[in-house]
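K.L.:
Working from the sequences, and respecting the hints, build out all of it.
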Amino acid sequence: MPTPKIGVFVCHCGLNIERTVDTGAVAEALSEHPGVTYVSDYDYMCSDPGQRKVIDAITEHRLTGVVVAACSPAMHEPTFRRAAEEAGLNAYLVEMANIREHCSWVHHDRKEATAKAIRITKTLVEKVKGNHPLDPVQIDHVDKCLVIGGGITGIQAALDVAESGFQVILVEKEPSIGGHMAQLSETFPTLDCSSCILTPKMVEASRHPNIELLTYSEVLDVSGYVGNYTVRIRKNPTYVDPDKCNLCGECEKVCPESTASEFERGLTERKAIYIPFQQAIPSSYTLDESTCLGLRPLRCSECAKVCEPGAIDFDMQPEIIEEEVAAIIVATGFELYPIFNLGEYGAGDVPDVIDGLQFERLLSASGPTGGEVRRPSDGRIAKRVVFVQCAGSRDPENHNPYCSKICCMYTAKHALLYRHAVPDGEAIVFYIDIRAGGKGYEEFVQRATEEERIEYLRGKVARITRDGDHVVVWGVDTLSGKRVELEADLVVLAMSMDPHPSTAGLTKALKISCGGEGFLKEAHPKLRPVESLTAGVFVAGAGQGPKDIPESVAQGSGAAAKAIGLLAKEKLIHSPEVVSIDEDICGGCGVCVGMCPYTALSLNGAGVAECNEVLCEGCGTCVSACPTGAAQLMNMTDTQIREMIKVALVDV
Amino acid sequence: MSDRTGPFEPKIVAFLCRWCSYAGADLAGVSRMEYPPNVVPMRVNCSGRVDVEMVLAAIEKGADGVLIGGCHPGDCHYVSGNYKTRRRVALIKRALSEIGIDPRRVHLEWISASEGHKFQQTITQFTQRIRDLGPSPVPAAAGAKVGGNG
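Order-wise, the sequence lines are chains A and B.
Remember, the numbering used here sits 587 above the position in the first sequence when you count from 1.
Remember, the numbering used here sits 9 above the position in the second sequence when you count from 1.
Misleading hints may appear alongside valid ones.
[What the hints assert, rightly or not] No more than 20 Å apart at the CA atoms, straight line, and that leaves these computed lysine to aspartate or glutamate pairs for DMTMM-like:
{"hint": "1", "chain 1": "A", "residue 1": "Lys1095", "chain 2": "B", "residue 2": "Glu62"}
{"hint": "2", "chain 1": "A", "residue 1": "Lys698", "chain 2": "B", "residue 2": "Glu18"}
{"hint": "3", "chain 1": "A", "residue 1": "Lys1098", "chain 2": "B", "residue 2": "Asp84"}
{"hint": "4", "chain 1": "A", "residue 1": "Lys1158", "chain 2": "A", "residue 2": "Asp722"}
{"hint": "5", "chain 1": "B", "residue 1": "Lys127", "chain 2": "A", "residue 2": "Glu1104"}
{"hint": "6", "chain 1": "A", "residue 1": "Lys1233", "chain 2": "B", "residue 2": "Glu69"}
{"hint": "7", "chain 1": "A", "residue 1": "Lys1233", "chain 2": "B", "residue 2": "Asp84"}
{"hint": "8", "chain 1": "A", "residue 1": "Lys698", "chain 2": "B", "residue 2": "Asp84"}
{"hint": "9", "chain 1": "B", "residue 1": "Lys127", "chain 2": "A", "residue 2": "Asp722"}
{"hint": "10", "chain 1": "A", "residue 1": "Lys1233", "chain 2": "B", "residue 2": "Glu18"}
[Said to hold, decoys possible] Take a look, some chain A residues computed to stay more than 12 Å from chain B by CB distance:
{"hint": "11", "residue": "Tyr803"}
{"hint": "12", "residue": "Asp875"}
{"hint": "13", "residue": "His1057"}
Please keep in mind that the hints were generated in silico from the structure rather than gathered at the bench.
By construction, the Cβ of each residue, glycine as well, lies at the ideal position given by its N, Cα and C atoms.
P.N.:
Below, the structure written as structure tokens:
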């Protein structure tokens, strides 16, 4: 190997690094390190003039490798690798020494932090000395995109990708697309009717020639890699042929079995054969096997007897569909925090204590009460309604620690719509504080509090119980310091938002991670909000964190744009930092083959291991297991690591 | 700095997996969570890349402690690398105690990308543990070879 000429570029990051790390001392210490032929330090290495310094130094000093001592590689590794390529230096001969996140930001003692920064930088110099120039692996890809979740986010994403000319498979677990938005009455702050703005999009998605809709379907597993994922989807049998079903509804009339309606959130019942709501897409009935008297053996078949078009097929089987897709958008959405967890608010045992989505159904013209605010217990019009914000939110001791973000706004909307529906009714809102950050949001809350005579009490509700005909609400008005005891006809809890329960299983199948609260984790909270850490898998909507409709739609479009960017590429690039096998040393024991989670390794005809670089993800598990050292991870070999360890431990 | 004239300050190397623990360390940084500066982190793609020799090499070269950070069980970016690490670390610990080195000098921790606080806690507690254990019994100034029949 030629004598290394390594350039070390130490960034001040303004004062972010310089405040605790003496960057001059780091540069000086590194200038004496074997193999380092050029050092420089600068205010902002990532700026244009900073990158120019790197480029010029590579050319002038004929550098064979570069270490930028600055921020996390997650931040600027691509920046400097691109810059190096501009100067004709292979991108894989550039490494980042993370002296900001791992050093200057977490230490105070300047002397100690400087010493650590020197050690960190030296380890990366040793790594670069052993790096080889590599060419990215180019791979072909299919032209399809999978969208998981048919709520507003998934619909938006699917439409955007489809409009760009690529094929989309939209998978929805429920019998209809539409998600929670289909349940809403009107939307804040404009009071648009939710169905009126959603259903045209649902229809568009179902009719789009580039979208294949798979409802009542679940993603079973995913294998492969970016550009070439293989997805297995189970399409559950609806026992009704959607092409034949004419929505006459005769089957529903004769069906003897019923259960709580999911769409009406238990406020009414539905039959075993049902359509979730009138504008459901696909517009067809579904026979819910778990509620039906029994299909195997057939115990009833009343529905089939009355079905004129003969749409009902009791022999329908679950279908396993295998699809090849290049990109996956995960838009699994949310579910409300279970009311059963809120013992202090009756745990769901008080019939007139309902959650926000149930109240949406009461307000909806297509809901069980036709838009009249009638109590679930006795059907009377509710004359006094208490709204409780932060139910299950912002309570780290007992419930979810986070703010669910949309509840302040929808509670204001609920109270306002209630006052319109029941003009002589009384609306009282308990709140901790009002968070109305959004275009037109603050104005909307002002309107609710000032023009609509809605009483806002600042304080948390401690307990809700049933007292005969009434619901009793105990709380504190913290502004007057007085205890409050209110008798209400109806209590509406602004429940916290949880990630949808299906999220956890799905993230395992997709090999993407969740944050502490179970929401989908993005690659970077600010700069890569719709990407996951797995290439080709994108996240969007309320499954990533509580958000309202405009934000969900924006994320759906954002994720779609990312997917389109990938689909539009002729070839995809795969990291060349993969495993290589030294055939001269390999003894053909095959230990590595069993270790590889990607089936990238196999024993070839000559009885030695072979690595398929397209399948190899570069984890290096096989390298640690290889008894001879024949398997090595490119640019992270055993030798490199040993040299790195050595300098990590020297006194500086 | 880290000359050993003052009170004992251990030298620790950490192998952090790129997707979880290294990112958790990044988050600790972004959140400005302070912890002792004794640990030099090294990024590996997967905790499954950490092998017995790497840990022994670190101890041989003068590390008083070795920390390995991986994704939580079930969350490994590479499906199952962390399970293999768990088995290897158990092996390493047994090997260490047989050659007279306290196995507590090697520690494996699951730290996710969203656990900046856990990273801070881990570094702080592990550093303190090694301070309490004292300098490594391996007779090595940095880079020195372990004695012939030592």
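K.L.:
Identify every previously stated hint that the structure contradicts and give their numbers, smallest first.
P.N.:
1, 7, 8 and 9
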